[in-house]
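**Q** Chains as they are written, first to last, in the working numbering: chain A, 1 to 216; chain B, 1 to 216; chain C, 1 to 216; chain D, 1 to 216.
Watch out, some of these pointers could steer you wrong.
No copy labels: a pair is met if it fits in one copy or bridges any two.
Stated by the list, open to error - Keeping only pairs whose Cα atoms sit at most 30 Å apart, straight-line, the calculated DSS-like set for lysine-lysine is:
#1 K151 with K2
#2 K20 with K132
#3 K100 with K181
#4 K181 with K20
#5 K20 with K2
#6 K132 with K151
#7 K2 with K181
#8 K132 with K100
#9 K2 with K100
#10 K132 with K181
#11 K20 with K151
None of these hints come from the bench; they were simulated from the model.
As the structure is a prediction and not an experimental result, all values here were calculated from the model.
Protein chains: 4
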Amino acid sequence: MKEHVRPLPSYLVSRYHGWKATTYTENRAWYRRLADEGQRPRAMIIACCDSRVHVTSIFGADSGEFFSHRNIANLVPPYNPDGDHHGTSAAVEYAVTSLKVAHMIVLGHSQCGGVHGCHAMCTGHAPELEEKTSFVGAWLNLLRPAYEEVKELPEETQIEALEKQGVITSLENLMTFPFVKAAIESGNMTLHGLWHEIGSGGLEQYNPETGAFEQI
Amino acid sequence: MKEHVRPLPSYLVSRYHGWKATTYTENRAWYRRLADEGQRPRAMIIACCDSRVHVTSIFGADSGEFFSHRNIANLVPPYNPDGDHHGTSAAVEYAVTSLKVAHMIVLGHSQCGGVHGCHAMCTGHAPELEEKTSFVGAWLNLLRPAYEEVKELPEETQIEALEKQGVITSLENLMTFPFVKAAIESGNMTLHGLWHEIGSGGLEQYNPETGAFEQI
Amino acid sequence: MKEHVRPLPSYLVSRYHGWKATTYTENRAWYRRLADEGQRPRAMIIACCDSRVHVTSIFGADSGEFFSHRNIANLVPPYNPDGDHHGTSAAVEYAVTSLKVAHMIVLGHSQCGGVHGCHAMCTGHAPELEEKTSFVGAWLNLLRPAYEEVKELPEETQIEALEKQGVITSLENLMTFPFVKAAIESGNMTLHGLWHEIGSGGLEQYNPETGAFEQI
Amino acid sequence: MKEHVRPLPSYLVSRYHGWKATTYTENRAWYRRLADEGQRPRAMIIACCDSRVHVTSIFGADSGEFFSHRNIANLVPPYNPDGDHHGTSAAVEYAVTSLKVAHMIVLGHSQCGGVHGCHAMCTGHAPELEEKTSFVGAWLNLLRPAYEEVKELPEETQIEALEKQGVITSLENLMTFPFVKAAIESGNMTLHGLWHEIGSGGLEQYNPETGAFEQI
Chain A
1 MKEHVRPLPS YLVSRYHGWK ATTYTENRAW YRRLADEGQR PRAMIIACCD SRVHVTSIFG
61 ADSGEFFSHR NIANLVPPYN PDGDHHGTSA AVEYAVTSLK VAHMIVLGHS QCGGVHGCHA
121 MCTGHAPELE EKTSFVGAWL NLLRPAYEEV KELPEETQIE ALEKQGVITS LENLMTFPFV
181 KAAIESGNMT LHGLWHEIGS GGLEQYNPET GAFEQI
Chain B
1 MKEHVRPLPS YLVSRYHGWK ATTYTENRAW YRRLADEGQR PRAMIIACCD SRVHVTSIFG
61 ADSGEFFSHR NIANLVPPYN PDGDHHGTSA AVEYAVTSLK VAHMIVLGHS QCGGVHGCHA
121 MCTGHAPELE EKTSFVGAWL NLLRPAYEEV KELPEETQIE ALEKQGVITS LENLMTFPFV
181 KAAIESGNMT LHGLWHEIGS GGLEQYNPET GAFEQI
Chain C
1 MKEHVRPLPS YLVSRYHGWK ATTYTENRAW YRRLADEGQR PRAMIIACCD SRVHVTSIFG
61 ADSGEFFSHR NIANLVPPYN PDGDHHGTSA AVEYAVTSLK VAHMIVLGHS QCGGVHGCHA
121 MCTGHAPELE EKTSFVGAWL NLLRPAYEEV KELPEETQIE ALEKQGVITS LENLMTFPFV
181 KAAIESGNMT LHGLWHEIGS GGLEQYNPET GAFEQI
Chain D
1 MKEHVRPLPS YLVSRYHGWK ATTYTENRAW YRRLADEGQR PRAMIIACCD SRVHVTSIFG
61 ADSGEFFSHR NIANLVPPYN PDGDHHGTSA AVEYAVTSLK VAHMIVLGHS QCGGVHGCHA
121 MCTGHAPELE EKTSFVGAWL NLLRPAYEEV KELPEETQIE ALEKQGVITS LENLMTFPFV
181 KAAIESGNMT LHGLWHEIGS GGLEQYNPET GAFEQI
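Based on the provided sequences and hints, a complete structural model is requested.
**A** See the structure below:
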């Protein structure tokens, strides 16, 4: 491996030095306290890896505010304590039981490549994702139950519907974790489902009473 | 589940509207292109969920630049295509084979709760993490091989050494993925290992020639 | 001093720009009138500096509604026109004689660090607050008469009782100001005593007939 | 006193119930934690009592973010540990030594009645403020040194100049407190001077290098 590790590209080095001389310097006192006393984030946010989803910017959040897990298509698997390593479940467990976050937010988004891939796979257009060796395909299997909910819709609306249904499915899966359920039922945490439209900058939230996502 | 989903707290709603009216509006043309033409991130970054690791800020990165996967302790498991869902492996596969990122960056950090938990577990001080039902414990098992590398060091230096060794282990594990190896050997991608010190704002990178992390 | 003044942290700068582009823009016409014609607040509120007491939010108050004085433990000293500077007395005088507010509200709260400190001081557990150089201790001396009223209560109830008695003492002290007394007796102003419970979101008001604080 | 305390006006009662049913409910989990674990505000803000200065709104701040002291004309007196009660000095001491805030912000504003009164007093137009019994006059004496700095300016610019000079004087006075000086020199806190224009919604910050307030 060693021969393949390279110095950081200079454009990132320069930007880091710029951050250090400005933002870091302005906030040094607070960042030191965060280091010394530990984090106390108010919310956990589960978002997609997609480079266009700029979570902290959208919510004006600085260091220390959001415990952030990001995976492809912002999915949460169902509770399954089989002893294997489950990165998402571990992050949720840590946020709820150790950090005791007050809000658990699942943030979906438009033009999601993962959701698109799942839709292609479920409609038979992506056999490569159905190969056992495809990590992406195996991961997106978590979204298959959501596809079942949208497959009767008009075809041109299915992708966006699947992006939103995926958020709902993740919220449902969150409730299968005993510690999540306990935190919510005791009033120590609330659940939130969001969908962000990249191009328009829109933000919709899931309204469980209507079953729809509504513009914030 | 439905009765447990709540409206987004109003402080986030107003901050979102502020972002929409300023940052979004200033960048609308570009964000629309990102939506229409898809993302084309230059780098993938694998960082910790910790709320104090503000990846985009440190590198002055705007929407579209970083494909970001964040999990507890910024770990990458070894290649293991067993058909189960592996969020980290899926994210790496997507970044390398679909997005063809040019840089793959693993970013560790100081005061990492996950690393601290692994150290406690490996030294027998965290039996609760060794329970089969602990997702955090199962996840941190990925870091055990790194602990083996640092356990002979002076005790007071082990935690920081483990934070850094974890980055190296993740880089090594990345090389076990055939598509990562292929991308690197063909010159299409480079690997980078970083460690960020929260309190001082420092950033060190792994130098494979000396085996040490060096201030950037 | 000059070398110690720094630029505002960027997270506050971006949030300010967000406010300017949304809340300010929506309310510009009114804010301009408030600037041109002066404030005409209906009430003065005397509250604690505590960051958890979000006065405007609790009462849905917008710009121009509350003349707000905030000090440690929401205390009002007795009338003492000795020519020295007294920030609280000055604020009360200005509100009553210049602004002619219709309501004068003292708002106490639970988990008050100042009240806790006074209790510790009065029970001999905080000698550092009794040092002549402690501004906090000297300030909290204003609350000693209230301690005298609660010191015979069961120990575990004394802190909350002192938080509430402090509100009553401040109301009593307000009545020692001739201009306050005159405004009230002429029917131009009314007095109100409140206590806010941070965790439950509760709000109680002092009922002088029963001598108790009662849930609103 | 008792016969003068009245029930809270119903418009405030209704708004409180509205807040309790909405904002409180959305944020209950976090507010409970703030109650149980205590506040950890990042900044102290010293602002004017003026009802048009809506500090939390301008900065998108929710409960727990700002330790807020508000007095007439946002003044800080010089260090003077004479054993008397000094509300501002006590608030500063508590913020710096107990809460260890990272930022100390003095926020002045346009159309400040206190500054206007001081200017009138200093130019001989407000004899009533020079009476020994005037708390407002005695308080505004703290601003006299600032008047000395602006009295040679063209008359029509003196008021705004005095509003800004008052912020600088308060920053200077803050540096006379040994614990403030120590916190700043050790890098644990930074000072910030702001001036807010009510009508235009503008925000300027003091730049010690130019000596001027500059639009943010």
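**Q** For each hint, tell me whether it holds in the structure or not.
**A** Status of each hint after checking the structure:
In the homo-oligomer, the alpha carbons of K151 and K2 lie at most 30 Å apart only across protomers (22 Å), although the nearest pairing inside one protomer, at 48 Å, exceeds that limit. For the identical chains of this complex, K20 and K132 are neighbours neither inside a copy (45 Å) nor across copies (42 Å), given an alpha-carbon limit of 30 Å. Taking the shortest Cα distances, K100 and K181 sit within 30 Å of each other inside one copy (13 Å), while across copies they are farther apart (36 Å). Taking the closest pair of Cα atoms, K181 and K20 come within 30 Å of each other only across two copies (24 Å); inside a single copy the shortest separation is 41 Å, beyond that limit.
With identical chains, the CA atoms of K20 and K2 are at most 30 Å apart both within one copy (28 Å) and between copies (22 Å). In the homo-oligomer, the alpha carbons of K132 and K151 lie at most 30 Å apart inside one protomer (24 Å), although the nearest pairing across protomers, at 37 Å, exceeds that limit. In the homo-oligomer, the alpha carbons of K2 and K181 lie at most 30 Å apart only across protomers (12 Å), although the nearest pairing inside one protomer, at 45 Å, exceeds that limit. Taking CA atoms no more than 30 Å apart as the test, K132 paired with K100 passes between copies only; the shortest distance there is 22 Å, against 37 Å inside one copy.
Taking identical chains as interchangeable, the C-alpha atoms of K2 and K100 lie at most 30 Å apart only when they sit on different chains, with a minimum of 21 Å there against 39 Å within one chain. Taking the closest pair of Cα atoms, K132 and K181 come within 30 Å of each other only across two copies (20 Å); inside a single copy the shortest separation is 33 Å, beyond that limit. Taking the closest pair of Cα atoms, K20 and K151 never come within 30 Å of each other, the shortest separation being 50 Å inside a single copy and 33 Å across copies.
Comparing the model with each earlier hint shows violations of hints 2, 11; every other hint is respected.
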